[in-house]
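Enquirer: What follows is each chain in one-letter form.
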Amino acid sequence: MRLKIAAAAALILAALPFAASADGEVNIYSYRQAYLINPLLKAFEKETGIETNVVFAKNGLAERLEREGRNSPADVVMTVDISRINELVERDLVASVRSDTLEKNIPENLRHPDGKWFALTTRGRLIYTSKDRVKAGEITTYEELADPKWKGRICTRSGKHPYNIALISSMIAHHGLEETEQWLRGLKANLARKPQGADRDQIKAIAEGVCDVSIGNSYYYGNMLQDENERPIAEQVRLVFPNADGRGTHINISGIALTKSAPNRDNAIKLMEFLSSPEAQRIYAEANTEYPANPAVKPSGLVASWGEIHPDALPLQTIAAHRDEAVKLVDRVDFDG
Amino acid sequence: MTEAVTVVAPATSEPLLAKRASRRWILAATLISAIVALPVLSVLYLALFPEENIWPHLIDTTLPRYLTTTVKLMLGVGVLTLVIGLATAWTVTMCEFPGRRFFEWAMLLPFAVPAYVIAYVYTSLLDYAGPVQRALREVFGWQSASDYWFPEIRSLGGATLMLGLVLYPYVYLLARAAFLEQSPSLFAVSRSLGHSALSTFFRVVLPIARPAVAVGLSLVLMETLNDFGTVDFFAVQTLTAGLFDTWMNLGNLGGAAQIATTMLAFVVILVTLERYSRRKQKQYAARDNREPIQRFNLSRPRQAICLAVCLIPFTLGFVVPAATLGLYAWEYFGESWNPDFVENTLNSLLLSGTAALTTLAVGVVLAYSRRLHDTRGMQVLMRLSGLGYAMPGAVLAVGVIVPLAGFDNWLDGALRRTVGVSSGLLLSGTTFALVFAYTVRFLAVSAGSVESALQKVTPSMDMASRSLGDTPGRTLVRVHLPMLRGTLLTAALVVFVDCMKELPATLILRPFNFETLATYVYQFASDERLFHSALPSLIIVLAGIVPIILMSRSIANTRSIA
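Respectively, the protein sequence lines represent chains F and Z. Count along the first sequence from 1, then add 905; that gives the number in the working numbering. Count along the second sequence from 1, then add 3; that gives the number in the working numbering.
Bound-form chain F, shown alone (with noise of 0.2 Å):
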C-alpha cells in the first residue's frame, strides 16, 4: 500500500510541467542570488515581453550545464569573479556573441575578446582603514599590506575566496610568483586574526577594535552604508583606492555568457544587449551599488562621492590565468591556518 502511494506520488511528480520551452522565455543559470538580479529581470520581462527563468547556485551550475550538453535549457549563464566565467570557456560551455549593441556598451577591456562573455559591473577590492586609529593616507597601496608596521592589525576573509584568490593573482601578474610569496607570508604575519567570514565582516571587525585595516569589496561597504543598521559601523572606517596613483585598483566583473546549446538563442541576446543598456546598468548602479561596466552610465551618487576608481589596466584573463597559481599559494604560505 505505501509502496503504491509512493511509487504514484513519485510519478505524479515528475510529470509535472517544468520549464518547457516554448517561444519568448530566457533560461537563466545564475551564481548571484536570484534576488539581486530580480529587478533587472522584471524590467526586461516588461519591456520585451520575454520570460526569464532562473536556477540560482553557488557551485555545480557548470557541471550541469556540462552533462546537459546539447540538450541543456540553459541559454545563459550570469556569474560573479572573473575565474569562475574563464572556467565555462575554457570548458568549452559558451559560444561567441558578435553584436553591435554590446559592442559598443562594454569596453573592450571588459569583455572577452571573441565575444565569449560580456562584463555588466565592476567592483574594486578596496582597503578599509580605522578612522581613530589609521591616519588618512597611511596605507596607499596593496604591497604595503605586508609592511610590518601593520603586524596584528589586519583582518580579511578566508585567502581561498575567490575576490582574494584573484587579487593575489594580480599581485602574481605585476611581481612574479617569487615576490608575491613573500608578500602574502608578509600580510599573513599581519593578520589580526585567523581568516574568517565574510568582508563586511571584516569592517565589523575595525568597528569593534580587532583590527585596525581590512580588504573588501566595494558594494559591500556602500550596501552597509544603505541600511540603516549597519550604517554606523561602516561610518567609522574610511575607504582606500589602493595604488590609486600606480597601476591602478584590482578590480573584479560580473558577467553573462551565451551557452553553447542555448534553446532561445535570439531571446538570450535580447537579455545580454538589455542588461549593459543604460536603463538596466543604472539598476545595478543604484541597488547593488556596483560601477556598471558601461562608461556612459555613472556610479551612483553615493559611490560617486567616495572619490573616482583608477582601474587596474590588468587584462582580466591574466588574472584568471594565474588562479591556480594563487589557491596553490595560499596553501604554501598557509595563509586561512
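These aren't lab readings, by the way, just hints derived from the structure by calculation. In this text, a Cβ means the ideal position worked out from N, Cα and C, and glycines have one as well. Hints may contain errors.
[What the hints assert, rightly or not] Restricting the straight-line Cα-Cα distance to at most 35 Å, the calculated cross-link-like pairs of lysine-lysine (DSBU-like) are:
hint : chain 1 : residue 1 : chain 2 : residue 2
1    : Z       : Lys75     : F       : Lys1093
2    : F       : Lys1099   : F       : Lys1036
3    : F       : Lys963    : F       : Lys1009
4    : F       : Lys1233   : Z       : Lys75
5    : F       : Lys1056   : Z       : Lys75
6    : Z       : Lys75     : F       : Lys963
7    : F       : Lys1203   : F       : Lys951
8    : F       : Lys1203   : F       : Lys1021
9    : F       : Lys1233   : F       : Lys1056
10   : F       : Lys951    : F       : Lys1165
11   : F       : Lys963    : F       : Lys947
12   : F       : Lys1233   : F       : Lys947
13   : F       : Lys951    : F       : Lys1021
14   : F       : Lys951    : F       : Lys1009
15   : Z       : Lys75     : F       : Lys1099
[Claimed, not checked] Under 10 Å between C-beta atoms, here's a sample of chain Z residues computed to sit facing chain F:
hint : residue
16   : Asp63
17   : Thr65
18   : Thr126
19   : Leu128
20   : Pro154
21   : Ser158
22   : Ala244
23   : Trp250
24   : Leu253
25   : Phe515
26   : Phe527
27   : Arg532
Guided by the hints, dock chain Z onto chain F, whose structure is given.
Expert: For chain Z alone, kept in the frame of chain F given last:
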C-alpha cells in the same frame, strides 16, 4: 508475557529464510540498489579523471590540518551527541519528574533547526556586536575587543557545539525507541542481582540498545563529515573545505571526487568496525510490551537534575535559536514577508513528503530482502546503497546529474536517430531529479532504522506466517509492517525533516524558478543578509515541528500497541 533474548552464537552461514518465492525480492532489491548506487558510483568514476594529481600539493600543505580537524570535529560531535542523546533518552524513559511528558517530544525539536541556521543565530548572538558581549561591555565598562577575552564562536569548538546541538536527536530518537522496547523485567533482574541503576545501564541496557545507538551515531558522524555550511561559516578547515577548494578554486572536479571517495572510505571503515565488533550478537525481542515501565520515583533534588539534563540541550538547541529567529523575523517582517512563501512552503512540503515515502518504501524493500536472504552479497548491496549519506550534498548532486543527463541524452539521441523526434531532457532538471537525490541521500536513514527494527523481530514470526501459506510479500504486509508501524513512521518523518533542511543538492538540481524554504533562506544568508532570512528560517523550523510531534507519539505508542 515478555521475552527478550540476546543470543550470542556464531553467525549462521545458511541464509535463514531463503526460499524460491524470495527470488523476486532479491531481484527487486538488487535492481533498486543498483539504481540508488549510481550517483555514488558516478563520483567514483569522476575520481578516475582528475585535472591534475592534487595529492602531492595537499600532502605538502593543508592535508594534515584537514585530517586532524576532521577527526577532532567528528570525535567532538560524536561524544557530545552520545552524552546528550543517551542521557536525555534515559532520563525521559526511566525517571519521573515534572515536565517529563513534555520533554519526551520536545527533546526532538532541535532536529528541526538546520545546522547552518543555528550557526548564524549563535554567531549573531555571541559575536562582538551581539547582545551578550554588548551587555558584558556595559556591565564591566570595557571599551573594545582588546580589553577582554571572550570565547570565539567561529572555531572548532563552536562548530562542534552547533553540530552537536542539532544532531543529538538522532541518538536520542533511536536510543529512546530502543529503551522503550526493552523489557522492564531485564532491568529488574539486573537490579536484583545487585547491580546499581548506573551499572545496569552500562551492562544491560546499553549493550541491548547498541545496534540502534550505532545507527544513530553513524548518521551523526556522516552528517558531520559532509557538513559544509557550518564549517565554512566558522572557517573550520575539514576535508570538506579541501574538497570544495579543489573543485571550485582549482576547477579540478576529479580531484574533488577523489577527496569525496577518501571520505567515503573513512565512513565505510568506521561502520564496518562497529559491525565487526558485534558480529556474533543476534538480538530478538518479542514485542509483547504490555508490561508498563516502572519509572524511578526520585527525590526532589534528583528530579531537578533530571529536569536540568533535558532543559539545557532543549534550551540551547531549540529555544534560543527559535526565539532569536522569531525576534528578527518580527523586526524585519515588512521587508521579509513575501507572497512566494506559501508556494515555497508547499514546494518544500510536497517534495519532502514524496521523498520521505519513496525513501521509506525503498528502505523496506532492501531491509526485508536482506532478512529473506541474508548473504554477504545482500549486505554489500545494503551498504553500497546507503553511501549517499556519507557524501557532501553538492558532490552527490553532480553524481546525480551524471547518470540522469546521460540517460536523457542517450534516449534523446536514440529517438532522434530512429524516429527523428527529440525527447530533450526528461529527468534532469525536474523534481524527479530532486526526489531521486533525496532518496539516494537519505536511504541510509530509513533502511538503517527499518533494518535494525526488523532484526529484533524473531524469525519464528516469519516461520509461523510462511508455514500458514503466506508468501514473503504477504508476510511483510500482514506481519511485519503492522508491527513496525512506529519505526516506519519514525523513519519516514526523520527523512521528511532532513529533506526540508537539505540545501546543497537542491540548489544544483532544482528546476527553473523553483524555490524551497531552504534555498530561499540560502540566497539571503549567502549574501550576508542574515536578518532577511530569519522569517523563512523560522518557517523551516516550524514546519519541522509537526512531524516531530507525530514521530514522538508513534514512539510512545509502541508500548501500547502489542
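Enquirer: Next step is simple, just say for each hint if it's right about the structure.
Expert: Now the hints, each set against the structure:
With a C-alpha separation of about 25 Å, the suggested pair Lys75(Z) and Lys1093(F) falls inside the 35 Å cut-off, and the hint holds. For the suggested pair Lys1099(F) and Lys1036(F), the alpha carbons sit about 23 Å apart, so the restraint of at most 35 Å is met. As the CA atoms of Lys963(F) and Lys1009(F) are separated by approximately 30 Å, the hinted pair is consistent with the 35 Å bound. Between Lys1233(F) and Lys75(Z), the direct Cα distance comes to roughly 25 Å. Compliance with the 35 Å bound is thereby established for this hinted pair.
For the hint pairing Lys1056(F) with Lys75(Z), the CA-to-CA distance comes to about 30 Å; that is within 35 Å, so the pair holds. Between Lys75(Z) and Lys963(F) the alpha-carbon distance is near 28 Å, which keeps this suggested pair within the 35 Å criterion. For the suggested pair Lys1203(F) and Lys951(F), the alpha carbons sit about 24 Å apart, so the restraint of at most 35 Å is met. Proximity of Lys1203(F) to Lys1021(F) is assessed by CA-CA distance (about 25 Å); at most 35 Å being required, the pair is judged to hold.
Proximity of Lys1233(F) to Lys1056(F) is assessed by CA-CA distance (about 24 Å); at most 35 Å being required, the pair is judged to hold. Distance hint between Lys951(F) and Lys1165(F) is fulfilled; the C-alpha atoms sit about 27 Å from each other, no more than 35 Å. Taken as a hint, the Lys963(F) and Lys947(F) pair is honoured in the structure, with Cα atoms around 22 Å apart against an allowance of 35 Å. Between Lys1233(F) and Lys947(F), the direct Cα distance comes to roughly 41 Å. Violation of the 35 Å bound is thereby established for this hinted pair.
In summary, the hint linking Lys951(F) to Lys1021(F) is supported, as the alpha carbons are separated by about 27 Å, within the 35 Å threshold. For the hint linking Lys951(F) to Lys1009(F), the alpha-carbon distance of about 23 Å falls within 35 Å, and the restraint holds. In summary, the hint linking Lys75(Z) to Lys1099(F) is supported, as the alpha carbons are separated by about 19 Å, within the 35 Å threshold. Look at Asp63(Z): its Cβ gets to within about 8 Å of chain F, closer than 10 Å, so that hint holds up.
A hinted interface residue such as Thr65(Z) counts as satisfied when its beta carbon comes closer than 10 Å to some beta carbon of chain F; here the least separation is about 5 Å, so the hint holds. Taking 10 Å as the C-beta contact cut-off toward chain F, the hint placing Thr126(Z) at the interface holds, the least distance being around 9 Å. Look at Leu128(Z): its Cβ only gets to about 15 Å from chain F, farther than 10 Å, so that hint breaks. With a least beta-carbon distance of about 14 Å to chain F, the hint placing Pro154(Z) at the interface is violated under the 10 Å criterion.
For the restraint placing Ser158(Z) at the interface with chain F, the shortest Cβ-Cβ distance is roughly 9 Å, inside the 10 Å limit, so the hint holds. For Ala244(Z), the suggested interface contact is upheld, since its CB lies about 8 Å from the closest CB of chain F, less than 10 Å. Hint status for Trp250(Z): holds, given a least beta-carbon distance of 7 Å to chain F, under 10 Å. With its C-beta approaching chain F no nearer than about 6 Å, Leu253(Z) sits inside the 10 Å limit, and its interface hint holds.
At about 4 Å, the closest approach between the beta carbon of Phe515(Z) and any beta carbon in chain F falls short of 10 Å, and the interface hint on this residue holds. The beta carbon of Phe527(Z) is positioned within 10 Å of a beta carbon in chain F (closest approach about 7 Å), and the interface hint is therefore held. With a cut of 10 Å, the hint placing Arg532(Z) at the interface with chain F holds, because the nearest CB-to-CB distance is about 9 Å.
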